[in-house]
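S.K.: Here's the letter readout for the chains.
Number of protein chains: 2
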Amino acid sequence: MEKININEKLNLFSEHWSPKIVGALNGQHVKLAKFQGEFVWHKHEHEDELFYVLDGEFNMEFRDQTINLKTGEFIIVPKNTEHRPVAPKEVSVLLFEPASTLNTGNKKDDTFTKEKQEWI
Amino acid sequence: MEKININEKLNLFSEHWSPKIVGALNGQHVKLAKFQGEFVWHKHEHEDELFYVLDGEFNMEFRDQTINLKTGEFIIVPKNTEHRPVAPKEVSVLLFEPASTLNTGNKKDDTFTKEKQEWI
Numbered sequence: 001m002e003k004i005n006i007n008e009k010l011n012l013f014s015e016h017w018s019p020k021i022v023g024a025l026n027g028q029h030v031k032l033a034k035f036q037g038e039f040v041w042h043k044h045e046h047e048d049e050l051f052y053v054l055d056g057e058f059n060m061e062f063r064d065q066t067i068n069l070k071t072g073e074f075i076i077v078p079k080n081t082e083h084r085p086v087a088p089k090e091v092s093v094l095l096f097e098p099a100s101t102l103n104t105g106n107k108k109d110d111t112f113t114k115e116k117q118e119w120i
Numbered sequence: 121m122e123k124i125n126i127n128e129k130l131n132l133f134s135e136h137w138s139p140k141i142v143g144a145l146n147g148q149h150v151k152l153a154k155f156q157g158e159f160v161w162h163k164h165e166h167e168d169e170l171f172y173v174l175d176g177e178f179n180m181e182f183r184d185q186t187i188n189l190k191t192g193e194f195i196i197v198p199k200n201t202e203h204r205p206v207a208p209k210e211v212s213v214l215l216f217e218p219a220s221t222l223n224t225g226n227k228k229d230d231t232f233t234k235e236k237q238e239w240i
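Heads up: the sequence lines are chains A and B, in that order. Last residue of the first sequence: 120 (the working numbering), numbering continuous. Last residue of the second sequence: 240 (the working numbering), numbering continuous.
Honestly, the hints are just simulated from the structure, not real lab data. It is possible that part of the hints are untrue.
To be verified - Residues on chain B that point at chain A, a partial pick, calculated with CB under 10 angstroms: (1) E122; (2) I126; (3) S138; (4) V142; (5) W161; (6) L174; (7) I187; (8) K190.
Each residue gets a CB set at the ideal place from its N, CA and C atoms; glycine is no exception.
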């Protein structure tokens with residue numbers, strides 16, 4: 001059993017839109033990601049997804065509204081809800097979601113989809 | 121759908137050892153708690169439990185070691201592992217665990233057990 005220091009883990013990678021797994025419990029994964037720019041519109045059919053801002057801010061776009069999230073704020077996106085994160089500047093985010101969750105959900109994208117998510 | 125600001129939620133309560141629910145996803149709860157002093161030794165038969173330090177520090181005691189956790193660090197305590205959080209000073213903690221999780225696990229305690237956990 002080891003503790004995890006989030007800042008140390010964030011220093012291990014620089015890619016955007018490429019979540020890294022840092023913990024697993026009860027069939028769920030804890031992931032860290034850095035966002036910058038516009039992601040793709042997508043939804044997850046079976047998985048709710050939590051986004052917690054560690055440092056910075058981004059906009060979570062939905063079809064009917066946009067929610068701005070700043071450091072210390074989180075949102076839970078329910079399954080089957082189309083969403084698109086957009087980050088004007090780089091932001092560090094913690095994700096909590098089922099181990100089965102693919103980052104682009106129902107939308108396979110040559111640039112963004114990461115079939116194999118890495119542990120760090 | 122609403123975003124949650126963690127500091128705003130932390131300002132809503134002051135009791136120690138009384139986790140408050142601030143989110144639910146995939147059968148799991150996100151909870152906030154304030155610890156101060158010594159909790160009771162206990163374990164959870166079926167639930168892994170994540171403790172993430174938001175502000176402050178505490179010691180997670182296990183039967184064979186103690187792990188000190190500071191702001192920005194987390195630990196996942198596997199099911200069936202006896203543990204006891206001890207906080208010399210007040211510390212704010214985020215918990216991720218199944219919705220079924222009772223705070224004192226297998227140990228019913230008149231002082232510490234909270235059968236009914238409140239949403240804030």
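S.K.: Now tell me if each hint is right for this structure.
M.R.: Hint-by-hint comparison with the structure:
This hint holds: E122 (chain B) has a C-beta 8 angstroms from the nearest C-beta of chain A, less than the 10 angstroms allowed. With a cut of 10 angstroms, the hint placing I126 (chain B) at the interface with chain A holds, because the nearest CB-to-CB distance is about 5 angstroms. Look at S138 (chain B): its Cβ only gets to about 21 angstroms from chain A, farther than 10 angstroms, so that hint breaks. A cut of 10 angstroms between beta carbons decides the hint on V142 (chain B): the least distance to chain A is about 8 angstroms, and the hint holds.
Checking W161 (chain B) against chain A: minimum C-beta separation of about 16 angstroms lies over 10 angstroms; hint violated. The beta carbon of L174 (chain B) comes within 8 angstroms of a beta carbon in chain A, closer than 10 angstroms, and the hint placing it at the interface holds. Given the 10 angstroms rule on beta carbons, the hint for I187 (chain B) holds: about 5 angstroms separates it from the nearest Cβ of chain A. This hint holds: K190 (chain B) has a C-beta 8 angstroms from the nearest C-beta of chain A, less than the 10 angstroms allowed.
Comparing the model with each numbered hint stated earlier shows that hints 3, 5 do not hold.
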